[in-house]
Amino acid sequence: MRSFTDYLRSVDDDALLELFTYRADLISPVPSDIASLAVRACSAPSLARAIDALNQWHFQVLEACAVINEPFSEKQIIAVTEKAAAEVLPKLIARGLIYPSDDGMRLPNSVREVLGSEIAGLGPASMAKLTLKKLDEAPDSAKKVLERLIWGPPRGSVGDIKNPGPGVTWLLEENFMVPLDQRTVIIPREVGIYLRGGKVHKEREMTPPEIKGTKREMRNVQLAAIANVATVLRWVDEILEYWAQEPADALRAGGLGVRDLKIIATHMGIDENCAAFVAELVYLAGLVTIDADDKILPTNNFDIWLTQSASTRWQAIAAPWLITSRVSGLVGRAESKNTAALGPELDRVNAASTRALVLELLAENKEVAPELESFTKRVKWCAPSKRNPGLQEEMVQWTLREAEWLGITGQGVISSYGQEFLAGADLDIINTDLPQPVDHILIQSDNTAIAPGPLVHDVAAVLAIIGDIESRGGATVYRFTDTTIRRGLDHGKTGDEIIAFLRKTSKTPIPQPLEYLISDVAKKHGRLRVGNTSSFVRCEDPALITQIISDKRLDILSLRRIAPEVMICDMDAHDVMNVLRNAGYLPAAESTNGMLLTGPRSSRAQSKPRPPRIIGELEVPTDAALTAAIRIIRVGEKSSHKQSTLRNIASNALGALPRTTANETLDILLKYIQEQRSLSIGYADNNGAVSHRIIDPIKISAGSLIARDHGTGEMQTFRIPRITGVAPL
Amino acid sequence: MTDGPLIVQSDKTLLLDIDHSMSTECRRAIAPFAELERSPEHIHTYRLTNLGLWNARAAGHDAEMVIDTLIKYSRYAVPHSILVDVAETMSRYGRLRLEADPIHGLILITTDTAVLEEVIRAKKIAPLLGVRIDNETIAVHPSQRGQIKQSLLRLGWPAEDFAGYVDGQAHEIALKQDDWKIRPYQELAAEGFWHGGSGVVVLPCGAGKTIVGAAAMAHAKATTLILVTNTIAARQWREELLKRTTLNEDEIGEYSGAKKEIRPVTIATYQVMTKKKDGVYAHLDLFDTHDWGLIIYDEVHLLPAPIFRFTADIQSRRRLGLTATLVREDGMEGEVFSLIGPKRFDVPWKEIESQGYIAPAQCVEVRVNLSETERISYATAEPEERYRFCATTRTKRNVVESLVAHHAGEQILVIGQYIDQLDELSEVLGVPLIKGETPIKEREILFNKFRSGELTCLVVSKVANFSIDLPDATIAIQVSGAFGSRQEEAQRLGRILRPKSDGRSATFYSVVSRDTIDQDFAQNRQRFLAEQGYAYKIIDADDVFQGKL
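Quick mapping for you: the protein sequence lines, in order, are chains A and B.
Take UniProt numbering: the final residue in the first sequence is number 729, and no numbers are missing along the way.
Take UniProt numbering: the final residue in the second sequence is number 549, and no numbers are missing along the way.
FYI, nobody ran anything at the bench for these hints, they're computed from the structure.
The beta carbon of each residue, even a glycine, is placed where N, CA and C say it ideally should be.
A couple of the hints might just be wrong.
Derived list of chain B stretches under chain A, where covered just means 3 residues or more per stretch with a C-beta under 8 Å from a C-beta of chain A [unchecked claim]:
| # | segment |
| --- | --- |
| 1 | 39-47 |
| 2 | 155-168 |
| 3 | 443-453 |
| 4 | 528-537 |
Throw the hints in and build the complete structure from the sequences for me.
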C-alpha cells in the first residue's frame with residue numbers, strides 16, 4: 001500500500017502545480033520537503049478549506065468515496081453514484097482529496113474526520129457478514145423502523161435495548177442493526193446503501209439548479225442603478241457631515257452603540273440595517289475612524305473625498321466592500337444583539353468569497369432579477385456550506401441587498417456600472433449618468449426650500465445647518481423654523497449672512513415671513529451671555545471701578561469690566577484680594593449669594609473625610625480554618641508522591657526523552673494506534689516546558705492525538721505539533 | 001434622466017413643479033392615487049399613502065398604471081424601493097372581500113387563506129367575527145361592518161366592500177339649473193363621490209360645497225339626512241336647497257334645538273344630535289327613524305366623538321363628508337377617512353382662485369408692540385393666562401380702529417376669541433356684536449343687515465367661524481383665536497372668499513403681538529394657508545397708523 005506521501009513524491013510538477021492552484025494554503029509558507037507538504041495537505045484546516053471549495057456534485061462524489069471501503073475503483077464509485085462521477089474523480093485527485101495507490105484509490109488521512117462522523121447520513125461499516133437480500137423479506141415492523149433511518153441520521157433510540165420491539169429484534173438478530181449503547185441503535189453503512197437502492201445519495205445533484213427570476217428592461221435597470229449610486233453617495237455625505245458635527249461615542253468594546261445607530265438612521269431617514277451598512281462602508285473606506293478619545297470622527301480623507309468626482313468616490317466605497325471579511329448584516333439581528341457596526345465582531349471567514357460568488361452569479365444572469373429562493377439554492381450548490389448554512393443563506397440575502405444599495409444592481413439586475421466595476425474597468429460613465437448637481441433652491445411661503453436636484457456640496461452644507469431636511473431623494477426639501485435658524489446663528493452666522501445666502505441661492509424671492517423669522521431670531525440670539533469665571537469684583541461706585549481698571553499695578557489680574565459696577569477675573573478670589581490689598585485697596589470678600597465674609601480666613605475641606613487604609617496585619621485564623629488547611633496540604637502531598645513515583649518508573653524505562661521529527665511522529669503514532677501499544681512521548685506545554693507522558697494512543701483527529709494518559713488515567717487530547725517525540729515502551 | 005415635472009422622493013412624497021409645462025397633465029395623472037399635502041406657490045407636495053393606493057385600486061387603477069405614471073413624469077430615476085412598495089401595497093388590496101350573504105347577512109371571503117388566518121387571529125378583529133363557514137369564508141356581524149373595515153385597514157389588509165349600500169327610501173330630487181350652472185369641479189366632486197360610494201370632498205371655503213351636496217342628493221334621489229354645525233348653517237342649507245333643487249319647503253325639515261321636524265330631507269345640527277338626556281344621547285335615534293339613502297356631514301372636520309362612534313354602525317348607508325380644512329389638531333383625520341370614507345376630491349385653493357370661483361385674497365399679519373408696562377405684566381403673567389394677555393392687549397384696539405377707518409365703505413368682519421375684548425371693540429367701533437348668547441333670531445337679522453349692506457361692519461366671536469355665508473364681506477380682521485388652530489385661521493379667511501360681485505379681492509388681517517406666544521401661535525395658525533399658497537405679508541402697527549397699507 002502506497003501512502004499519500006509516496007503518491008505526492010511520485011507525481012510530476014504539473015500535478016503539483018495544479019494542486020497548489022487549488023489549494024494555495026499549501027505553499028504559504030512553502031514546505032521544506034514532500035513529507036511536510038503531505039502533512040500539511042492532510043491537516044484538518046487545509047482539508048476543510050479544500051472541501052469547502054467543492055461544489056455540491058463534487059462533494060457528493062467525495063462523500064461516496066469516503067463511505068466505501070478502501071481501496072476503491074472508479075467502477076465502484078460510479079455504481080454508488082452516477083456515470084458522470086468518472087469525470088469528477090480526476091478533479092478530486094488534482095485537489096489531493098483522493099489519490100491513486102497501487103491497489104486502487106484511497107483517501108489521505110483525516111479526510112474522513114473532516115467530513116464528519118456520519119458521512120452522507122450513513123452509519124459505520126458492518127463488522128459482521130451480511131446477507132443483504134434478506135432485507136427484502138424483512139417483516140413489516142422492521143421495514144417501518146428502517147424507513148425512518150434510511151436517509152439518515154442512521155441512529156435511532158429504543159426504549160431499552162434488552163427489550164426492543166419485534167422489528168428491532170429481527171434487525172438486531174440479522175445484524176442489520178447494531179446497538180450503540182443502552183438506548184441507541186445504528187444501521188450499518190451497507191444496509192443504508194442497499195436500502196437507498198445501491199446509491200449513496202437520494203439525489204445526485206450533477207447540474208447546478210437554475211436561477212429563476214424576472215426579466216427587466218435594461219433601461220430601467222440603469223435608471224434604478226444610477227439612482228442607487230446617487231443615494232449611497234448622499235448617505236455617505238450625510239453620515240460623515242453628521243458625525244463631524246456630533247461625533248458618536250464608540251462603545252468600550254469598540255463599535256457604534258445601538259442608540260447612536262438609531263440616531264444616524266433617523267437622521268438619514270433609512271432603516272437601521274441600512275445605516276449599519278453605510279457606517280461600515282465609510283469605516284472600510286477609511287473615511288471615519290475611532291479617535292483616541294473613543295470619538296467616532298471623519299478622517300482627513302473625507303476632505304479629499306469631497307473634492308473627488310462621483311465615480312472615484314463611488315469606487316472608493318465599493319472596492320473595499322467587495323473584499324472585506326466584515327459582514328454589516330450581522331448588526332442588530334435578534335440572535336446577536338450586541339454585535340455593533342464598526343465593532344470587532346463582524347468578521348466572517350467566508351464573507352468575501354460568498355460575496356464574490358453572488359456577484360459572479362449576478363453577472364452571469366444579465367437582465368434577470370433573480371428570485372431569492374432559487375438564487376440561494378444555486379449558491380448553495382456552488383459552495384455547499386457545511387458548518388453554518390443558515391449564515392450563508394443570510395449572507396446571500398445581505399449581499400443582494402447591499403449590491404442594490406450600492407447601485408451595482410438596479411431593480412435587482414446587475415447594472416452596467418456593476419459589470420464594469422467587477423471587470424475592473426473605468427467608471428467615468430457614472431459621472432455622465434448622474435443627475436447634474438444644482439446650485440439653487442426654491443423658497444416657498446410655507447417656510448420650506450426645495451432643491452430640485454442633488455445640491456452642490458457647499459450649498460448643501462450650509463442648508464443642512466440652517467434648515468431641517470423634511471424629505472430626501474432626487475430633490476431635497478428643507479424646512480426653516482426658529483430652531484434651525486438659531487442653529488445657524490450658533491454656528492457663527494449672522495442673520496444678515498443667512499438672508500444674503502438665501503437670496504443668492506434661491507431662484508425665487510424670499511417670502512417676507514421668512515425674512516422676518518430670521519431677523520426676529522437673530523435679534524434675540526445672543527442677548528443673554530453665559531460664561532465661566534473664577535471671581536468677580538464689584539463696587540457701588542463706578543468711579544472706583546474705573547480707577548482699578550486703569551491701575552497699571554493690577555494688570556496682572558487682567559480684569560474685565562462687564563458692567564459699570566462689575567469686573568470679572570480668572571484668578572481665585574483669595575489671590576485677587578491679596579493683589580488688591582498690596583496695591584492699597586480695601587476689598588472685602590463676598591459669598592456667591594451676596595453675604596459679606598468677615599473674620600480671619602480659616603478654611604475647611606469641602607469633601608468628606610477619607611482616612612488612609614491600614615495595610616499589614618492579618619486576621620487570626622480560626623481553629624477550623626487551620627485544620628482544614630492542614631488536611632488539604634496532606635492530601636496534595638500524597639498525590640504528588642504517587643505522581644513522582646510513576647514518573648520515575650517511566651524515565652527509568654526510557655532513559656531519555658524520545659525525539660522524532662514531525663513526520664516520524666505521525667507515522668509512528670499511526671502504526672502504534674493499530675497495534676494498540678503504550679507509548680512514551682515528550683509533550684510541550686503552553687510555556688514550552690517538555691514533560692514526559694506515558695500514553696495509550698487511541699486515534700488521531702483534526703491535528704490532535706486522543707490518548708489515555710497513564711499519569712492521570714484519563715482520556716486526553718494531545719496536539720500533534722506539541723509532541724516532541726514518540727517511542728514505544 | 002428625463003425632464004419631467006415630478007420628483008419622486010425616497011420617503012414617498014412626490015414633488016410637482018407647477019411651473020413646468022406638463023404639470024397640469026401630471027397632476028391629473030397622479031391625483032387618483034396620491035394625496036395632496038401642500039400646495040404653495042412653486043412646488044406642490046403629494047404623498048403616496050397606503051390608503052391612497054388602495055383607493056386607487058378600488059377605483060380600478062392597478063399597480064402597473066401607478067408605476068408607469070411615476071416613471072413617465074419623473075425627472076429622476078424613481079427609487080426602486082418605491083416601485084416595489086407600490087406594487088406590494090396595492091397587491092394587498094382585495095385579498096379580503098366583504099359580501100352580503102342571504103344566510104349569514106355579511107361575510108368575509110378571502111382568496112388567500114393565509115391572510116384570513118392572520119386576520120382572524122388579530123385581537124381587534126376576533127370579537128367582530130361570527131362562525132367560520134369554510135376555509136375561505138367567515139361570517140361577520142352586520143353591525144360591525146364599519147368596525148371591521150377600520151380594523152382590517154389598520155392591519156394592512158383592506159377589505160374590498162361588495163356588500164353595497166342600501167338605496168334608502170326613494171325621493172325625487174333634481175338640480176334646478178335655471179339661472180345658474182353647476183361648476184365643473186363641483187360636478188367632478190359629486191361624481192367622484194358617487195362612484196366611490198362614500199367619502200370626503202375637500203373644497204376651499206366659499207367654493208360652494210352646498211352645491212356638491214345638492215348634486216350628490218340629485219344622484220342618490222333618496223331621503224337625505226344632513227348634519228351641520230349650527231342652526232344658522234341649517235337655515236342656509238335650507239335656503240340654498242330651495243334655490244338650487246326641485247325640493248319645496250314641505251320636503252325639507254329642520255331638526256335643531258328649536259324645531260324637531262323630520263321630513264324626506266332633514267337638516268340636523270351636531271349640537272342637538274349630541275345632546276344628552278338622562279345620560280343618553282336622546283336624538284341619535286334620528287339616524288334610524290328613516291330609511292335614509294344618503295347622509296351628508298357638513299364641516300366634517302368638526303365631527304364630534306359620539307357621531308364618530310355612531311357612524312361606524314351605519315356603514316351600509318352612503319355618506320358624504322364636506323370640508324375645507326381637513327386638519328385637526330387632535331390628529332383624528334385618519335378616523336374621518338376610515339369612517340366616512342376616503343378623500344374623493346381635493347383641489348389646491350389657488351387653482352380654484354385662478355379659475356375665479358373664489359375671491360383672490362391677501363393675508364396680512366399686523367405686528368403690534370406691547371407697551372413697556374404690558375411687557376412686564378406679560379413676563380410675569382401665569383403661563384395659562386399669557387396667551388389671553390397678549391392676544392387682548394390694548395394696542396390691538398387702536399390697530400383695529402385704524403384698519404376699520406382705512407377700509408371704510410367696505411364690508412368688514414372683526415373676529416376674535418375673547419368676549420371682553422370683543423365687547424370693548426364693539427363699543428369703540430360702535431357696531432353690533434354677535435356672540436354665543438345672541439339669540440338666533442337676532443343673529444339672522446344682523447347677518448341679513450350685513451348682507452344687504454345696511455351694516456358695513458360686524459364684530460363676531462367664534463360662532464361665526466364656520467358655515468356663515470356673507471358673500472360681500474371683503475375684509476376680515478382677526479384679533480385673537482383659539483391658540484394655534486390651523487383650521488380656524490383658514491375657516492376665518494373662508495368667510496371672505498366668496499367671489500365678489502365686482503371681482504374685488506379680499507384682505508385678511510391678523511393682528512398679532514410681537515415677541516409673545518401670540519406670535520408663535522400665529523405662525524402655527526398660518527401654516528395651513530401658507531401650504532395652500534397664501535403668502536402672508538408682515539407689516540408693523542405703525543404702518544397701519546400712518547396709513548401705509
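Exercise. Provide an ascending list of the numbers of those earlier hints which the structure does not satisfy.
Key: Hints 2 and 3 are the ones this structure does not satisfy, whereas the remaining hints hold.
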